[in-house]
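A.B. asks: Residue strings, one per chain:
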Amino acid sequence: MELLTNVLMIFISAALINNFVLHYFVGICPFMGVSKRVDTAFGMGLAVIFVMVIASTLSWLFTSFILRPMAPIPVWIWSIAGGNPDTVVDLSVLSYIIYIFVIASSVQFVEMYVRKFQPKLYESFGVFLPLITTNCAILFACLEIMKNLQDPTRLWGLHEALTLAIGGGIGFTIAITLMAGIRSELDLCDVPKALKGAGIAFIVAGIMAMAFMGFTGMDRGIEQALSGLGAR
Amino acid sequence: MADQPTASERFIQGILPENPVYRQLLGLCPTLAVTNGMKPAMTMVGATAFVLIMSNILVSLIRGLLKPHLRILVFTLTIATFVTIADRFLGAYMYEMSKELGPYVPLIIVNCLIISRAEICASKQSLGTAVADAAGMSLGFGLALASVATVREILGAGTWFGINVLGSGWPDWGIMVLPPGAFLVLGLLVGGANWFGDRRKRLAVTVGE
Numbered sequence: 001m002e003l004l005t006n007v008l009m010i011f012i013s014a015a016l017i018n019n020f021v022l023h024y025f026v027g028i029c030p031f032m033g034v035s036k037r038v039d040t041a042f043g044m045g046l047a048v049i050f051v052m053v054i055a056s057t058l059s060w061l062f063t064s065f066i067l068r069p070m071a072p073i074p075v076w077i078w079s080i081a082g083g084n085p086d087t088v089v090d091l092s093v094l095s096y097i098i099y100i101f102v103i104a105s106s107v108q109f110v111e112m113y114v115r116k117f118q119p120k121l122y123e124s125f126g127v128f129l130p131l132i133t134t135n136c137a138i139l140f141a142c143l144e145i146m147k148n149l150q151d152p153t154r155l156w157g158l159h160e161a162l163t164l165a166i167g168g169g170i171g172f173t174i175a176i177t178l179m180a181g182i183r184s185e186l187d188l189c190d191v192p193k194a195l196k197g198a199g200i201a202f203i204v205a206g207i208m209a210m211a212f213m214g215f216t217g218m219d220r221g222i223e224q225a226l227s228g229l230g231a232r
Numbered sequence: 001m002a003d004q005p006t007a008s009e010r011f012i013q014g015i016l017p018e019n020p021v022y023r024q025l026l027g028l029c030p031t032l033a034v035t036n037g038m039k040p041a042m043t044m045v046g047a048t049a050f051v052l053i054m055s056n057i058l059v060s061l062i063r064g065l066l067k068p069h070l071r072i073l074v075f076t077l078t079i080a081t082f083v084t085i086a087d088r089f090l091g092a093y094m095y096e097m098s099k100e101l102g103p104y105v106p107l108i109i110v111n112c113l114i115i116s117r118a119e120i121c122a123s124k125q126s127l128g129t130a131v132a133d134a135a136g137m138s139l140g141f142g143l144a145l146a147s148v149a150t151v152r153e154i155l156g157a158g159t160w161f162g163i164n165v166l167g168s169g170w171p172d173w174g175i176m177v178l179p180p181g182a183f184l185v186l187g188l189l190v191g192g193a194n195w196f197g198d199r200r201k202r203l204a205v206t207v208g209e
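Which chain is which? The protein sequence lines are A and B, in order.
The numbering used here puts the first residue of the first sequence at 1, with every later residue one more than the last.
The numbering used here puts the first residue of the second sequence at 1, with every later residue one more than the last.
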C-alpha cells in the first residue's frame, strides 16, 4: 500500500501539479515550436514519453551503479586497484557529461531502430526524434532522478524513476496538446499585431499555468484519503 | 548586411538586433525559470556567459578537426564539461545561490542558444570573431533576463536586487513570482519588443520617403 501511494504521488506530482512545462519551464522550445497543430503536437508528446522512459532507465542504472557516491562499481574497481578502503569514491562530477551522452546516444539508437523496424511509427514521430536531444525535459528528468538517488533518505528504486519519467512525459503531452488546440483556435481570433505568434502564445501559457496551479495541494489530499483507507 | 560580418558587427548584432531571447526565442527555459529575482537571474547570466564564451573558444580552436556527423555530439560534450566547472564553482563559492538555482545550472547544457552559436558561428569562424559573437550574445541574453527579472521582482516583491524600491505599502503581486507571472511578463515584453521594432521600421520608411 505504501509503495502504491508513493508511486501514485510521484505520478500525479510529475504529470499535473509540478507539470514539467508549466511549473518547471523545461521543454519550452518544443512547447512553443511544435504546437501549431494538434496531431503533430501529440506525436511530439508521444516521442518525448518514449525517449524519456529509455533515458531515465539508463540514467537510473548509471547513477545507482556508477555515479552516486560509494556506488558499487567504482568502489569495486578501487578495491581491486588496491586503494585505501576508507576513501569516499565519488564519480558524480562526471554525471552531466554522462547524462547528455546517454541522452544523445539513446535518441540516435531509438531513431535508427524505429526507422528500420517500425516504419509506420517512424512516419508518425520519427521526424521529432533528433529534436529531442536538446529537449531540456529529458535532461531534467535525469537530474531529478539523480537528486533523489543521491539523497540517502529517498534512494529511489527503478519503479519510482520510471514513474517520474512516464508522469513527466504525460504531463508534457497534456500541456503541448492543449496548447496546440488553443493555438489552432487563436488563428481565427483578432490578436493585436505585435502579440501575434510568440507573444500571445506566452500569455496563453501563462493562463494555462494559472489553471494548473489549481492542482496544488491535491497530492496531500489524495495521500490523506489513501492512508485513511489503509488504516481501515 | 555583408556575407561575412566582422567581429565587431557580430558583437553588436548579438545585443539587440538579434537578441537571443526576444528575436530568436532561444534559451527560454532560464528566461522563465530563474527570473523571479535579479540576483538569481544575474548569477544565471554569469554562468551562461562563462559557458558560452569558453565553449565558443574551444569549438573555434578545434573547428578544423570536426567531423560533420559527430559535430553536435562534440558540441554538447564540450558544453557539458564547462557546465560542470560552472556548477562546481557555484556549489563551492555561492552555495545558497546554487541551491536556489537547482537544476537550472546543469540545464545550461541543453540551452539552445549555446549549441546554436557553436553551430552557426564558432565552428566556422576564427577565434576573435567567435569570442566577440559569444560576448555579444551573452550581453543580449543578460539584457533580456534583466528586463524580465526587473518587472517580475519589482511587481512581485517591491524590491530590486533585494533593495526596497516601491515602499512598504506595496501589495506584492504574488502571481508575478509564481510560474504564470513568468509567462505573462515574457509574453507582454515580446509583444512590446515587436511593437517597438515595427514602429521604428515604419518611422524609418517615412523618413526615407
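Read the hints as simulated data drawn from the structure, not as lab findings.
This one's a predicted model, so the numbers in the text were calculated from it and none came from an experiment.
Incorrect hints may appear among the rest.
To be verified - Label-pair restraints from in silico Cβ distances:
1) L61/B - L186/A: 24 to 32 Å
2) L65/B - S105/A: 18 to 26 Å
3) G197/B - Q224/A: 47 to 55 Å
Stated by the list, open to error - Within a straight-line C-alpha distance of at most 27 Å, the following computed DSSO-like cross-link-like pairs (lysine-lysine) qualify:
4) K147/A - K99/B
5) K36/A - K193/A
6) K196/A - K201/B
7) K116/A - K67/B
8) K36/A - K147/A
9) K196/A - K36/A
10) K39/B - K99/B
11) K124/B - K67/B
12) K39/B - K147/A
13) K193/A - K201/B
A virtual CB, placed ideally from N, CA and C, is assigned to each residue, including glycine.
A.B. asks: Against this structure, judge whether each hint is valid.
C.D. replies: Against the structure, the hints come out as follows:
1. L61/B - L186/A: 24 to 32 Å: Since L61/B and L186/A have Cβ atoms about 46 Å apart, the given range 24 to 32 Å is violated.
2. L65/B - S105/A: 18 to 26 Å: holds, 21 Å
3. G197/B - Q224/A: 47 to 55 Å: holds, 53 Å
4. K147/A - K99/B: holds, 12 Å
5. K36/A - K193/A: Distance of about 18 Å is within 27 Å: holds.
6. K196/A - K201/B: holds, 17 Å
7. K116/A - K67/B: Roughly 25 Å separates the two Cα atoms, so the pair holds.
8. K36/A - K147/A: violated, 34 Å
9. K196/A - K36/A: At roughly 13 Å apart (the allowed maximum being 27 Å), K36/A and K196/A satisfy the hint.
10. K39/B - K99/B: holds, 13 Å
11. K124/B - K67/B: holds, 13 Å
12. K39/B - K147/A: holds, 24 Å
13. K193/A - K201/B: holds, 14 Å
Violated hints, in rising order: 1 and 8; the structure is consistent with all others.
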